[in-house]
Amino acid sequence: MPPMKRRAVLLGGLATAGAAALPSWAHARTAAAAPAIRDPFQLGVASGDPLADSVVLWTRLAPAPLNADGFGGMPDATYDVEWEIATDQAFSSVVQRGTTTTTRALGHSVHVEPVGLASGREYFYRFRTGGHISPVGRTLTAPAAGASVSQLKYCFASCQHWEEGWYHAHRGIAADNPDLVLFLGDYIYEKPSGRDAAEKVRGVFYTDETTTLAGYRARYAQHRTDPNLQASHAAAPWLVVFDDHEVENNWNSSTSPATAARKAAGFQAFYENMPVRSTVKPSGSAIKLYRNFLWGDLARFHMLDTRQYRSVQTSGTTCTPYRDTSRTITGTAQEQWLLKSFESHPATWDFLGQQVFFAQRDGDGDKATCESPDSWDGYQASRDRIAKGWVDRRVPNPIVLTGDVHRHWAADLRLDYYDHSDPIIGSELVTTSVTSQNDSSAPSSAWRSNNPHIKYVQNKRGYVRVTATPDRLTADFRVVSNALEIDPAKALLSTDASYVVEAGAKGLKRA
Amino acid sequence: MGAAAAVLITAAVGLAAGATPAVAAAATGTVVTAGDPLTVRRAPTTSATAIGSVANGTSVGIDCQLNGVSVAGPLGTTTIWDYVPALGGYISDGYVRTGSDGRVAPDCGVGTGSAACSTGACAGEAQFRSNGPRFSVYDRDADGKSAVVAYWLSNGTGPLYAWNSGGDGTVAERTVSATKGDWISYKVCVADYSATDPTLQSCSAGLTDYVA
Numbered sequence: 001m002p003p004m005k006r007r008a009v010l011l012g013g014l015a016t017a018g019a020a021a022l023p024s025w026a027h028a029r030t031a032a033a034a035p036a037i038r039d040p041f042q043l044g045v046a047s048g049d050p051l052a053d054s055v056v057l058w059t060r061l062a063p064a065p066l067n068a069d070g071f072g073g074m075p076d077a078t079y080d081v082e083w084e085i086a087t088d089q090a091f092s093s094v095v096q097r098g099t100t101t102t103t104r105a106l107g108h109s110v111h112v113e114p115v116g117l118a119s120g121r122e123y124f125y126r127f128r129t130g131g132h133i134s135p136v137g138r139t140l141t142a143p144a145a146g147a148s149v150s151q152l153k154y155c156f157a158s159c160q161h162w163e164e165g166w167y168h169a170h171r172g173i174a175a176d177n178p179d180l181v182l183f184l185g186d187y188i189y190e191k192p193s194g195r196d197a198a199e200k201v202r203g204v205f206y207t208d209e210t211t212t213l214a215g216y217r218a219r220y221a222q223h224r225t226d227p228n229l230q231a232s233h234a235a236a237p238w239l240v241v242f243d244d245h246e247v248e249n250n251w252n253s254s255t256s257p258a259t260a261a262r263k264a265a266g267f268q269a270f271y272e273n274m275p276v277r278s279t280v281k282p283s284g285s286a287i288k289l290y291r292n293f294l295w296g297d298l299a300r301f302h303m304l305d306t307r308q309y310r311s312v313q314t315s316g317t318t319c320t321p322y323r324d325t326s327r328t329i330t331g332t333a334q335e336q337w338l339l340k341s342f343e344s345h346p347a348t349w350d351f352l353g354q355q356v357f358f359a360q361r362d363g364d365g366d367k368a369t370c371e372s373p374d375s376w377d378g379y380q381a382s383r384d385r386i387a388k389g390w391v392d393r394r395v396p397n398p399i400v401l402t403g404d405v406h407r408h409w410a411a412d413l414r415l416d417y418y419d420h421s422d423p424i425i426g427s428e429l430v431t432t433s434v435t436s437q438n439d440s441s442a443p444s445s446a447w448r449s450n451n452p453h454i455k456y457v458q459n460k461r462g463y464v465r466v467t468a469t470p471d472r473l474t475a476d477f478r479v480v481s482n483a484l485e486i487d488p489a490k491a492l493l494s495t496d497a498s499y500v501v502e503a504g505a506k507g508l509k510r511a
Numbered sequence: 512m513g514a515a516a517a518v519l520i521t522a523a524v525g526l527a528a529g530a531t532p533a534v535a536a537a538a539t540g541t542v543v544t545a546g547d548p549l550t551v552r553r554a555p556t557t558s559a560t561a562i563g564s565v566a567n568g569t570s571v572g573i574d575c576q577l578n579g580v581s582v583a584g585p586l587g588t589t590t591i592w593d594y595v596p597a598l599g600g601y602i603s604d605g606y607v608r609t610g611s612d613g614r615v616a617p618d619c620g621v622g623t624g625s626a627a628c629s630t631g632a633c634a635g636e637a638q639f640r641s642n643g644p645r646f647s648v649y650d651r652d653a654d655g656k657s658a659v660v661a662y663w664l665s666n667g668t669g670p671l672y673a674w675n676s677g678g679d680g681t682v683a684e685r686t687v688s689a690t691k692g693d694w695i696s697y698k699v700c701v702a703d704y705s706a707t708d709p710t711l712q713s714c715s716a717g718l719t720d721y722v723a
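Sequence lines, in order, name chains A and B. Per our numbering, the very first residue in the first sequence carries number 1; after that it's consecutive. Per our numbering, the very first residue in the second sequence carries number 512; after that it's consecutive.
Source of the hints: derived by calculation from the structure; they are not laboratory data. This one's a predicted model, so the numbers in the text were calculated from it and none came from an experiment. Treat the hints loosely; a few may be bogus.
Listed next, with one range per pair, are the computed distances between beta-carbon atoms [as the list claims (entries may be wrong)]:
hint, chain 1, residue 1, chain 2, residue 2, range
1, B, Ser676, A, Glu122, 49 to 57 Å
2, B, Gly568, A, Glu209, 43 to 51 Å
3, B, Ala716, A, Ala175, 32 to 40 Å
4, A, Ser253, B, Ala597, 55 to 63 Å
5, A, Glu371, B, Ser688, 47 to 55 Å
Computed list of chain B residues with no C-beta within reach of chain A, every gap over 10 Å [unchecked claim]:
hint, residue
6, Thr541
7, Thr544
8, Gly563
9, Ser564
10, Gly568
11, Ser570
12, Gly584
13, Gly587
14, Gly643
15, Ser676
16, Gly677
17, Ala683
18, Thr686
Think of the CB as a built atom: it goes at the ideal place given N, C-alpha and C, for glycine as much as any other residue.
This is chain A alone, in the form it adopts within the complex (with noise of 0.2 Å):
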């Protein structure tokens, strides 16, 4: 059998022209140049940022994944790593191939960005590098504008201390065999866990507190190494977007407390390891996260960053700085792409996909005091900007999605949260954390009374999962019996409670 025809293809380029029934890998020959290694594909697959024509597919090579250089055991050189799509798992019909480089400059991570594949259908992928042979991922691309789509279902997800439990809600997720997965920050986290050691399953191998690019980079090697975390991965596209510890803990616009040089390395390391485009590759200490997905006439997705551009966080109780409207979490210039694309209508469902709580959240239901700056509580002027915008531009049907605070939570949202009876304007869905606990006691009655907006509140570790239809979406409120314990069969994953929203119909009930 003669070499398998190989082209140059740049990150982002185009792919090769597509033909059915290319010689397999099984029989095709390499020739890299670059000193041998073992296998690379220690991190797994992932894919990511659907378009209808495309889809990012990513690895990264690391044969030694936690080196603390970060260099994953890589040698100094340029790899050439092929990649192929077909249609089936087995790659009897590959659609696409071509080869990439990567180098140290990238941390060895592979950014394929193929065009021209059909829209809303399902692919799998794998790629090669001396003669190693990656694990097969699923992937789908975006249904195309316009075109009727009768059901979604996605995962979203946030919040994974390595340390602080195991990843058995990736496992549901890779079991749910979703069409999306969201995942809404604290992928990692720049310090180890602090607590007792009956609270942590699992150490990091870099224990410094991650500061620098070879920190960052060996943080996330190590996340990649955990099964259920690849399984998930590889189970479907995901749209990612970071919140703080992928950086340092409540970091904002100014230089305190992530300098600039800090938020370059974690940027940087942030767009090796997940499965991006190139639009969101860093310059420096800049990176442009935010962006918005389609999916048919089902449903948008406008994936948000209230972490990079957000004013510094304020403290205390007064009120003041807290509705100060000079004040922004979103930054002026996201503001006004949010609100341009909140004027257009393509599909039933709007979600935004987001990391902080976006409900208002007041103990004691005094409008004379406040809390929770590091939330969109901290920035009213901004989220009424936001909430006014979609009532004004009669957005159908939005929906908030948020991470963070390590509970799931369901809640309506309002203009006025203290007038209990001011119109619903649409609701958010609050997933738990993958890991990372929470000690805080669960809301009191009175806290319940003085926040009706708020319908459901659980401390479990999960994952939520969104099946959206043209008529109505639900969310499914997905925990794990015990995240400290490894063996999937002790280990359970349930519902804990659903809840509905019907399209042309705000409000959240009680499936």
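Since the structure of chain A is provided, determine the placement of chain B on it from the hints.
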């Protein structure tokens, strides 16, 4: 170390999918001393156990290299240590004419049996034996502490622990539950024994190796 002599650098062979590469020296060199034999150490530091010696002028195959304690040899001062599988240990690159003052072989952790010391006087010393696989854990100081290897496996678990609580001068053989081809990353430390929550001290920087 030292560019004077002609040196043969053998390129590593290509890998077949799923196969473990054959062990072949990544580089060769010649031992250069004032005439005395050169000490071979179990781990890349002068405080590690001397496990043998090699004569001046001997040609050695170098599988891999690590940065360790700085040594001033006849060819210069360097932190590079060379792992010579035929000798079963490490020699300072300051005594090896390789044709280069820099690195000529990949990082150790290539499935040939790597080793490390806890920091300082090497009170804890351990060698990973790819065949088995197992750790040989040496306690080399009557410091009242155990020698311990903390290790992580490719299934996302770790640290697991390989203890030697037998006291100064003892060695403990501890098997590792891992599969051929798997990577294993480890640090060599000292600690008071604790089955679940040891406070690790003086840990080595961390090394990755593979199960044969």
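For a quick check of understanding: which of the numbered hints are violated here, in increasing order? Violated hints: none at all, because every hint is consistent with the structure.
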